[in-house]
Every structure is written in C-alpha cells, then in structure tokens.
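Engineer: Here the protein sequences line up with chains A and B, keeping their order. Residues 1 to 115 (my numbering) make up the first sequence, in order. Residues 1 to 381 (my numbering) make up the second sequence, in order.
If you're looking for bench data, these hints aren't it; they were derived computationally from the structure. This one's a predicted model, so the numbers in the text were calculated from it and none came from an experiment. Treat the hints loosely; a few may be bogus.
What the hints assert, rightly or not - Restricting the straight-line Cα-Cα distance to at most 20 Å, the calculated cross-link-like pairs of lysine to aspartate or glutamate (EDC-like) are:
hint, chain 1, residue 1, chain 2, residue 2
1, B, K224, B, E234
2, A, K89, A, D105
3, B, K376, B, E191
4, B, K224, A, E76
5, B, K224, B, E307
6, A, K89, A, E78
7, A, K89, B, E191
8, B, K366, B, E191
9, B, K377, B, E166
10, B, K376, B, E234
11, B, K376, B, E359
12, B, K224, A, D105
13, A, K89, B, E307
14, B, K366, B, D28
15, A, K89, B, D250
16, B, K78, B, E266
17, A, K87, A, E76
18, B, K224, B, D89
19, A, K89, B, E167
20, A, K89, A, E76
21, A, K87, B, E194
22, B, K377, B, D199
23, B, K224, B, D199
24, A, K89, B, E194
Unchecked claim - To give an idea of the interface, some chain A residues facing chain B are shown, with a C-beta separation under 7 Å as derived from the structure:
hint, residue
25, G38
26, R50
27, L54
28, H55
29, L58
30, Q68
31, L69
We put the beta carbon where it would ideally sit given N, CA and C, even for glycine.
Listed below are the residues making up each chain.
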Amino acid sequence: MARELELFSIHHSSTIREAMERIEANRHRVVVVVDDEGRVLGTVSDGDVRRAFLHDALPITPVTRIMQLNPRVITESERGRGAEALKEKHVTVLPVVSEDNRLVDVLLAYEPLVE
Amino acid sequence: MTRHVAVVSEGRMTYGYTRPVMRAMAEDSELRYSLIVTNQHLLPTFGYSVDDIERDGLNITDRIYTTLDGYTPATMCKSLGVLMLGITDAFLRLRPEIVLVAGDRGDHFIAAMVAAHMNIPVAHIQAGERSGNIDGMTRHALTRFAHLHFASGPDAVERLRRMGEEEFRIHLTGAPQLDDFVNGDMARPDEIAERFRVDLTDPLLLVVQHPVTEEYGEGVEQMKETLEAVLELEYPTVLIFPNNDAGSDDLRLLIEQYHRPWMRVERNVSRRLYGGLMRAASAIVGNSSSGLIEAPVVDLPAVNVGERQRDRARGPNVIDVPHDRARIVEAIRTALSPEFRARLRERDSPYLSDGHVSERIVEILKRTELDERLLKKQIAY
Numbered sequence: 001m002a003r004e005l006e007l008f009s010i011h012h013s014s015t016i017r018e019a020m021e022r023i024e025a026n027r028h029r030v031v032v033v034v035d036d037e038g039r040v041l042g043t044v045s046d047g048d049v050r051r052a053f054l055h056d057a058l059p060i061t062p063v064t065r066i067m068q069l070n071p072r073v074i075t076e077s078e079r080g081r082g083a084e085a086l087k088e089k090h091v092t093v094l095p096v097v098s099e100d101n102r103l104v105d106v107l108l109a110y111e112p113l114v115e
Numbered sequence: 001m002t003r004h005v006a007v008v009s010e011g012r013m014t015y016g017y018t019r020p021v022m023r024a025m026a027e028d029s030e031l032r033y034s035l036i037v038t039n040q041h042l043l044p045t046f047g048y049s050v051d052d053i054e055r056d057g058l059n060i061t062d063r064i065y066t067t068l069d070g071y072t073p074a075t076m077c078k079s080l081g082v083l084m085l086g087i088t089d090a091f092l093r094l095r096p097e098i099v100l101v102a103g104d105r106g107d108h109f110i111a112a113m114v115a116a117h118m119n120i121p122v123a124h125i126q127a128g129e130r131s132g133n134i135d136g137m138t139r140h141a142l143t144r145f146a147h148l149h150f151a152s153g154p155d156a157v158e159r160l161r162r163m164g165e166e167e168f169r170i171h172l173t174g175a176p177q178l179d180d181f182v183n184g185d186m187a188r189p190d191e192i193a194e195r196f197r198v199d200l201t202d203p204l205l206l207v208v209q210h211p212v213t214e215e216y217g218e219g220v221e222q223m224k225e226t227l228e229a230v231l232e233l234e235y236p237t238v239l240i241f242p243n244n245d246a247g248s249d250d251l252r253l254l255i256e257q258y259h260r261p262w263m264r265v266e267r268n269v270s271r272r273l274y275g276g277l278m279r280a281a282s283a284i285v286g287n288s289s290s291g292l293i294e295a296p297v298v299d300l301p302a303v304n305v306g307e308r309q310r311d312r313a314r315g316p317n318v319i320d321v322p323h324d325r326a327r328i329v330e331a332i333r334t335a336l337s338p339e340f341r342a343r344l345r346e347r348d349s350p351y352l353s354d355g356h357v358s359e360r361i362v363e364i365l366k367r368t369e370l371d372e373r374l375l376k377k378q379i380a381y
C-alpha cells in the first residue's frame, strides 16, 4: 500500500464535519467514502461541502447525503496508466480499486500546497 | 387586476406537472404565481432539486422544511403534519386566490385540504386518474377538496363524473408534463452521453424504482431483483434514486452497494435531462409513472416491475413483470428487440399530448369565476 489510506478515506457513517477534518488533514480537497468492507461508495470534495453549507446543512449531516455517487476510479490492472488517467479525468485524487470495488490506493494529481 | 395563484411543489415527481404551467403564467399579464417549495426539493439526499427550479428561472416565495429522517410510514405521516402547519401560515401570508396542486402525493393533499378550509379554491392537475396504493387513495381524496379538476384523458373525466363531481368543475386538458417533451425541450443525445459518461452506441437502460408504501419492508428484496437483472445484462445504466417514501433509506444503501463502474447513480436529474435520458434510452425499468405517461411520447419501451402502477392506464409500450430477476431480464430483452420498438409507433398512449396543455390550464385559471358557486361544492351521488 503506497499511502496512508485512512487519510484519504472515511466510513459512510461519518458526518460532514469528519469529512472536512479528513480533507484538512490530507490536504488534497477530496476524501473517498467507503463501506464496512472498504468498497468505494462515493467521494466528498471541498466543493460538495461548500454546496451543502450554502443550503444550510449542519456539520452533523451524514456524508452519504452529499457525496458524489459516480466517482471516477481506476482498477489495479489499469494502474500503469495512472498518471494519464489523472489528467484526462480532471481529478485531484483518483481512487484505485480492486475488481470488487475495494479501495486499495489513491493516486494524487498534486503534492499538497501547504506543509 | 392580476389573479394570484399559489403553486405547491414537493419534489421532482410533480414539478414536471406544474413547471410548464408556471412558465405559462409568468408570461401572462393576468396571472401571477407564488411558488411554495417543500419536502424532497430541499434535501441533500435528493440533490437539492430546488436548484433546478432556480435555474429554470422560477421565483420561489416559500421554503417549508418538513421531512423527518427515518423514512418510515410514521415519519412520512409526521412530515405531512409539519407541512400542514407550515403551509397554513404560508397561505395566510400570501393570500392566494387559487391554490394549484398536482398528482397524488400526500403533500398536495395536505395543501388542498388546508386551502379548502381557508376558503381558497383548489385546482388539481392530473385529477381523476387511476393509480394504485396510497397514492391512488390520496389522489381521489384530494378530488373532494378540489374545486377545479384538470384531467389528462377521457377516462379520468368519466371517473370524476362518477365520483359525483359537478360537470362545470371538470376540464379535459391533457397532461401538462408532456408539453416539454412534445415541444422538444429535452437534452440532446450528445449532452446525455457527456453528462452521464455513457456510450450511446450500446443500449442504455434507465432505472427508476420507488418503494411501495403498502409493501413496506419488502422494498429491498424487490429492488435486489431489479438490480440483479441489471447486473446480469451489464448494459450502460443510469439509475435515479427513489423518492423518500417509507423504506427508501434502505433502498439507497442497497443501490450504493450494487453500484458498478458502468452504472451511473443520480440523486436527481433536471426535467430537461430526464427528458433527454428518456429519449436516448432503449428501455426504462422500474415502477415510475413516467414509464407509462411520458415514455410513449418518445417511443420508449417500459419494463414495469411490480404493483406500484397497478391500476394506471397504459399503452403498448409497457411490459408488466413481477419482482423476479429472470422475468425482468426477459422483459428487458423483449423491450430492446427491434420488433417491439417498431410496434410502438402504431398505437396510441392513453395520455393526451398536443404540446398546449399548460396554455389550456392557464386559460381556465384566468377565466373561472371565483365565486360562491365555485367554493361551495355539491357532492352529488
């Protein structure tokens, strides 16, 4: 495993506040939402959180309510073309999944701007 | 003087009915509307469809938050109670001369009941139609509180007569939700391909399946049959989240678990995208009324699963199947066959559509005398 996956993923029972904390910690603007088995359910970005707050959502709102349901992912077998995929899919974080959709890694488009 | 109509909208289901009517009112100097938005429109789970209303350029006057979490029969009822309190105050403040409601959802029934008690005439779109389950009961109960009935077809007119509704209240207008479709106000196939990342050279399935209130607790097993059929066929699929009726929370979790990379799952899509999806799709699968009402306009085959649409009139585009994965697969294959699709062009849908329905409704809202005769209903048996 290339990275600390817990920085980039969050359980589906988490709140918006917890997603914000995770995004703040990973500094990549996105966190991947997973179920008990680690299957990818969606992603939550800074922008998703902003949109929710503009609709007066509370920090305790579940992340599943606001997550993007069709995240762009690549499978392990496609990993070789990861850099290319990051570019053409226009994402900052690209989840790498197993054949049964479990999160095994994330690819990052940028290094964090702030240390 | 301009006549003031208050319109109630709870979610995408009936927004399609009232949207073209509001647009027509906006262009008419003799009418003005207020729009009261409630329930699903305001919720993140359903993609904040209130944003679609704003993008459509319609003016929202009231936002009434009602919905209790849990999505059980009990929370559904309590949520309706919250609406009853909120909408009473909205009507007091707005002082509309007519309240316009649509369809067979509980929110509209509550709005009609409150308006009737406050001596505000109620006009009802999609009146007299047959639909099953709690929705059917709601629609016909609403009829008793409505002063003007807009029927989508002759069978609905006849049903309203037999219910004892007076002749002058019943108007055969057609179904306004078809106006946009007939007038071609829907996303182009290339927009659909890009927005949903689907390849339209393959057959596209559109899946919309809601829980059925009377079958509370069975929704997950029912949905599993449909999802298994979809997984077996592995055609590009766009699935839209169910409404928030009792049991819908479990369905959403199940859908997330069945989600595959070649499937697109959407909380909500705008009316224009939905029309585009229907036009681009090869079949619609599930239990949405749009498979019966809107689909014939774009010659779209519908695989209608289970009992939700049991009593509703249907045309030859509909294949009825039980909650059984093998039967659903077989029906989808039939629906995708060129022979089936070719047959669709020959026969008619029971729903009227000439693209001018909302204009007719606006005309009636303008011309009807708002007097004692309208307000005092004689329920003749």
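Engineer: Would you mind marking each hint as holding or not holding in the structure?
Structural biologist: Going down the list of hints, with the structure as the test:
Taking the CA atoms of B:K224 and B:E234, the gap is near 15 Å; set against the 20 Å cutoff, the hint holds. Proximity of A:K89 to A:D105 is assessed by CA-CA distance (about 17 Å); at most 20 Å being required, the pair is judged to hold. For the hint linking B:K376 to B:E191, the alpha-carbon distance of about 50 Å lies beyond 20 Å, and the restraint is violated. Between the alpha carbons of B:K224 and A:E76 the distance comes to roughly 28 Å, so the proposed pair goes past 20 Å and is violated.
With a CA separation close to 16 Å, the supplied pair B:K224 and B:E307 stays within the 20 Å bound. Between A:K89 and A:E78 the CA atoms are separated by roughly 14 Å; this keeps the pair inside 20 Å, and the hint holds. A distance of roughly 17 Å separates the Cα atoms of A:K89 and B:E191; the hinted pair therefore holds under the 20 Å criterion. Simply put, B:K366 and B:E191 have alpha-carbon atoms about 38 Å apart, too far for the 20 Å limit, and the pair is violated.
Only pairs whose Cα atoms come within 20 Å are accepted, and B:K377 paired with B:E166 is accepted, the gap being roughly 8 Å. Distance hint between B:K376 and B:E234 is unfulfilled; the C-alpha atoms sit about 57 Å from each other, more than 20 Å. At most 20 Å may separate the alpha-carbon atoms for a hinted pair to count; B:K376 and B:E359 exceed this at roughly 26 Å. With a C-alpha separation of about 29 Å, the suggested pair B:K224 and A:D105 falls outside the 20 Å cut-off, and the hint is violated.
For the hint pairing A:K89 with B:E307, the CA-to-CA distance comes to about 41 Å; that exceeds 20 Å, so the pair is violated. For the hint pairing B:K366 with B:D28, the CA-to-CA distance comes to about 10 Å; that is within 20 Å, so the pair holds. For the hint linking A:K89 to B:D250, the alpha-carbon distance of about 31 Å lies beyond 20 Å, and the restraint is violated. Restraint check: the Cα-Cα separation between B:K78 and B:E266 comes to about 27 Å, which exceeds 20 Å; the hinted pair is violated.
About 17 Å separates the Cα atoms of A:K87 and A:E76, which keeps this hinted pair within 20 Å; it holds. The straight-line distance between the Cα atoms of B:K224 and B:D89 is roughly 42 Å, outside the 20 Å bound, and the hint therefore fails. Straight-line distance between C-alpha atoms of A:K89 and B:E167 comes to about 60 Å, which puts the hinted pair past the 20 Å bound. With a C-alpha separation of about 16 Å, the suggested pair A:K89 and A:E76 falls inside the 20 Å cut-off, and the hint holds.
A C-alpha spacing of about 17 Å is found between A:K87 and B:E194, which places the hinted pair at or below 20 Å, so the restraint holds. Restraint check for B:K377 and B:D199: not satisfied, since their Cα atoms lie roughly 55 Å apart, outside the 20 Å limit. Restraint check for B:K224 and B:D199: the C-alpha separation of about 25 Å exceeds 20 Å, so the hint is violated. Restraint check for A:K89 and B:E194: satisfied, since their Cα atoms lie roughly 13 Å apart, inside the 20 Å limit.
Proximity of A:G38 to chain B is violated relative to the hint, the smallest CB-CB distance being about 12 Å (cut-off 7 Å). The criterion of a C-beta within 7 Å of any C-beta in chain B is not met by A:R50, whose closest approach is roughly 13 Å, and the hint is violated. A hinted interface residue such as A:L54 counts as satisfied when its beta carbon comes closer than 7 Å to some beta carbon of chain B; here the least separation is about 9 Å, so the hint is violated. The beta carbon of A:H55 is positioned within 7 Å of a beta carbon in chain B (closest approach about 6 Å), and the interface hint is therefore held.
The beta carbon of A:L58 is not positioned within 7 Å of any beta carbon in chain B (closest approach about 11 Å), and the interface hint is therefore violated. Residue-level restraint check for A:Q68 is violated (minimum Cβ-Cβ distance to chain B is 10 Å; threshold 7 Å). Satisfaction of the interface hint for A:L69 is found here, the shortest Cβ-Cβ separation to chain B being roughly 4 Å, below the 7 Å cut-off.
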